[in-house]
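Generate coordinates for the entire structure from the input sequences, incorporating the hints supplied.
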Amino acid sequence: MNRSRPARRAVTTVLVLVTIAGLGLSVVHRRGTAHATRELGPALRRLEAPEGLGAWPDLFRPGTVSALAPRLDAMATDAPSPEVHTAASLAWQALGDDASAVRHAELAARLAPDDASIQARRDRIVDLALVGRVQRRVKPFAWFSGLALVFFALRGLVRRLRDGARRRTT
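All letters in the sequence shown, in the order written, are residues 474 to 643 by the working numbering.
Label pairs and their calculated CB-CB ranges:
#1 ALA589 - VAL487: 36 to 46 Å
#2 GLY536 - ARG478: 48 to 58 Å
#3 ASP600 - ARG641: 56 to 66 Å
#4 VAL599 - VAL489: 27 to 37 Å
#5 GLN592 - ASP551: 21 to 31 Å
Hints were generated in silico from the structure; no laboratory data involved.
Where is the CB? At the ideal position from N, CA and C, for every residue including glycine.
Printed below as a string of structure tokens:
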């Protein structure tokens, strides 16, 4: 079936836009989680380390944040304070658990309604959770459209090479 040139151009444009949207959302979400990891260190320094831990561990060793997040979750349950909820929110955000991060950010914002930095952090975490939710829904379509673009490009290249070879032989 032969499609008209404007229809092919429209399909290609849609595929390119979906691919770019999926990649862009993925990059934004990944940068947000990396930023949460960087913010977690100063947030932990404001807290006292729980008994038996000694000092807060190095956050950039593999597995540290994943071990730390449940501990901060328990601390927030035992002694709720805006600082503990903020640290727990950042830890969960660094792990990519948007629901837990938003829950702790909301609790921190409720405990400190006048603190502008906590309110701003809550807004940023809620926005990043929304980006993560949209990104998870768009990502399969972005992969499919990227693969379709590669397929169409290769098909076009094969056609051009085949047509060029035909012209040379006749």
